[in-house]
Amino acid sequence: MAIGVKVMKRPERQVSYVRATLKGMALTFKHMLEKKVTMQYPEQKSTDADHGLGVYSLSPRWRGTHRMLTDEQGRSKCVACGLCPQICPANCIKLVPGEDEQGHRYPLIYEIDEFRCIFCGYCQEVCPEEAIHVGTHFENSEYSRGRFVYDLERLQSQTHAVSSLWDPSDPKGE
Amino acid sequence: MTPELKGYLLLSSVKMIVVFTIIMIGVALLTLMERKVSAWMQNRHGPNRVGWAGLLQPAADGVKNILKEETLPALANRWLFTVAPALSFIPALLLSAVIPFAAPLPLDFDFTLGPLGRFVHHGPMPMVVADLPVGFLFVLAISSLGVYGIALAGWSSNSKYALLGGLRASAQMVSYEVAMGLSLIPVLLMTGDVSFATIVTKQQAGLWYVMPLFLSFFIFTIAGFAETNRLPFDLPEAESELITGYHTEYSAMKFSFFFIAEYANVVTVCAMITTLFFGGWDIPFTDWDRSGGLLPTMVTWLVFFVKVMFWIFVVMWIRWTLPRFRYDQLMALGWKVMMPLALAYIMVMCVAIYVVERLLGVTSPVMGSLILFGLNLVIGFLVFGLLDSGVFIRGSGHRQQQQVLQSRGARAAVAG
Numbered sequence: 001m002a003i004g005v006k007v008m009k010r011p012e013r014q015v016s017y018v019r020a021t022l023k024g025m026a027l028t029f030k031h032m033l034e035k036k037v038t039m040q041y042p043e044q045k046s047t048d049a050d051h052g053l054g055v056y057s058l059s060p061r062w063r064g065t066h067r068m069l070t071d072e073q074g075r076s077k078c079v080a081c082g083l084c085p086q087i088c089p090a091n092c093i094k095l096v097p098g099e100d101e102q103g104h105r106y107p108l109i110y111e112i113d114e115f116r117c118i119f120c121g122y123c124q125e126v127c128p129e130e131a132i133h134v135g136t137h138f139e140n141s142e143y144s145r146g147r148f149v150y151d152l153e154r155l156q157s158q159t160h161a162v163s164s165l166w167d168p169s170d171p172k173g174e
Numbered sequence: 001m002t003p004e005l006k007g008y009l010l011l012s013s014v015k016m017i018v019v020f021t022i023i024m025i026g027v028a029l030l031t032l033m034e035r036k037v038s039a040w041m042q043n044r045h046g047p048n049r050v051g052w053a054g055l056l057q058p059a060a061d062g063v064k065n066i067l068k069e070e071t072l073p074a075l076a077n078r079w080l081f082t083v084a085p086a087l088s089f090i091p092a093l094l095l096s097a098v099i100p101f102a103a104p105l106p107l108d109f110d111f112t113l114g115p116l117g118r119f120v121h122h123g124p125m126p127m128v129v130a131d132l133p134v135g136f137l138f139v140l141a142i143s144s145l146g147v148y149g150i151a152l153a154g155w156s157s158n159s160k161y162a163l164l165g166g167l168r169a170s171a172q173m174v175s176y177e178v179a180m181g182l183s184l185i186p187v188l189l190m191t192g193d194v195s196f197a198t199i200v201t202k203q204q205a206g207l208w209y210v211m212p213l214f215l216s217f218f219i220f221t222i223a224g225f226a227e228t229n230r231l232p233f234d235l236p237e238a239e240s241e242l243i244t245g246y247h248t249e250y251s252a253m254k255f256s257f258f259f260i261a262e263y264a265n266v267v268t269v270c271a272m273i274t275t276l277f278f279g280g281w282d283i284p285f286t287d288w289d290r291s292g293g294l295l296p297t298m299v300t301w302l303v304f305f306v307k308v309m310f311w312i313f314v315v316m317w318i319r320w321t322l323p324r325f326r327y328d329q330l331m332a333l334g335w336k337v338m339m340p341l342a343l344a345y346i347m348v349m350c351v352a353i354y355v356v357e358r359l360l361g362v363t364s365p366v367m368g369s370l371i372l373f374g375l376n377l378v379i380g381f382l383v384f385g386l387l388d389s390g391v392f393i394r395g396s397g398h399r400q401q402q403q404v405l406q407s408r409g410a411r412a413a414v415a416g
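From first to last, the protein sequence lines stand for chains A and B. Here the first sequence is numbered in the numbering used here, starting from 1 and rising by one per residue. Here the second sequence is numbered in the numbering used here, starting from 1 and rising by one per residue.
Please keep in mind that the hints were generated in silico from the structure rather than gathered at the bench. No experiment lies behind these values; they were computed from the predicted model shown. Careful, some of the hints might be misleading.
Stated by the list, open to error - Within a straight-line C-alpha distance of at most 25 Å, the following computed DSS-like cross-link-like pairs (lysine-lysine) qualify:
# : chain 1 : residue 1 : chain 2 : residue 2
1 : B       : Lys36     : A       : Lys36
2 : B       : Lys307    : A       : Lys30
3 : A       : Lys45     : A       : Lys35
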């Protein structure tokens, strides 16, 4: 044999099935007494700080809907460099740059179509100003399709935690 | 109509309505219990959103199923397709009519009700809808009728999955009906009667039949699982092979009826196990339950309920423990193991009962039961020991070993 095939040792005795049944029943009964693992979703969320189900918490690398960070004056950090629409593989970012009297560039229009977005996180990676981020957020229901095009104001008003994508000192997540 | 007959009819109708209501509500709640038990065994919570702890889930399911669209396959036999759910549902409910669920209630009344006339009843009222003298035969007869609903549902759907499910159901029912009937013969030999009331009375006098007739109980329980089409014998509705078997083409309330029938069957089989082998409504180690009166009746009713609930739990417990049998394994178990075992057991018990009652002249029922219990222990060890020894049924390890030996021989022949 070219590849190793694991051959299970099958029983020759104790085949009346009664013993196996009782064994199985003991196992299932033991499970009845164990702690339940289900997350009670609307009450407990994986984004909660302490939901009592540690292992089921959302990964800090989760890439959800976007967030635009702002500076101390409440203006967006974006300098309208155009890198994010450039790199976006789904072509879902619409950016129209503007410039004020001092020559500071800022986005006149900054829209992300969350339906087209594939949540790859390239926009966050490429952003030199650490302005646009993907966030740890997954509850995105809306009453109309139009509401899924997030404009600048909406992107700035989001408050959820941003994705850390990965820890630069530990890129493979080890 | 005499006043006595009127009184009898009045009592019977009241009992009918009460039992029917309890069974229907119970069956609805059993669907919830099944889901809860399955969830707990898989470390989940189960339905807990509708009502407190999900108690209104059956109601929500019912409303949903009533409001759903009823579909009829284009080539189905319309009449049989409609009648089949009822055919599987009615026998399941009929069976619950003959099972005594509490101690007889002494009841005396004599009153006149306007134009309906005088109603009279004296003496103890048996707490069973129909106290049939042939209760046992009635159960065997009706329980085999249940297969008509399933077989006809499978056939009339005009779908190959449903047809195969129906065929399997009928083959399985026929096979296990035999073992089931035979396994109950020792119960009749012990009792000397075929009425459920006498069976319960005899168990009160002696020991519960699970002790002197353990193997009967064992075979009956397994056959009961097969009769109700529950795992590990749910081949008629094997999801992985047959979608859902005989009710593949059914939707909405007709589909629910098959489920109601299944759970009603489970209740009936569990009530039968309780009545035949666990003393029915008997409370062990006391004679107070036979003293008569409202309180003993209520308490024995509760005891019967607890016993039945325990067995229903065991049925669910096994369902969520065991995988499904293969079809040939099912047939082999039915015909090659259970039927010969039941037949041999009848012979042994015939002789044993004759020896104990006639030759040894044991008159105390408790003593006689204890002797038979000892005998059953021996038979039990023999049967399970022999089955486990790998002489009659060989494990798949044996076949594997044969193959290894064969391939070695072939290789040696090539090399030589």
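Against the structure, the hints come out as follows:
1. Lys36/B with Lys36/A: Holds - the C-alpha atoms of Lys36/A and Lys36/B are around 12 Å apart, at most 25 Å.
2. Lys307/B with Lys30/A: Given that 25 Å is the threshold and the Cα spacing comes to 22 Å, the pair holds.
3. Lys45/A with Lys35/A: 18 Å, holds
Checked against the numbered hints given earlier, the structure satisfies every one of them.
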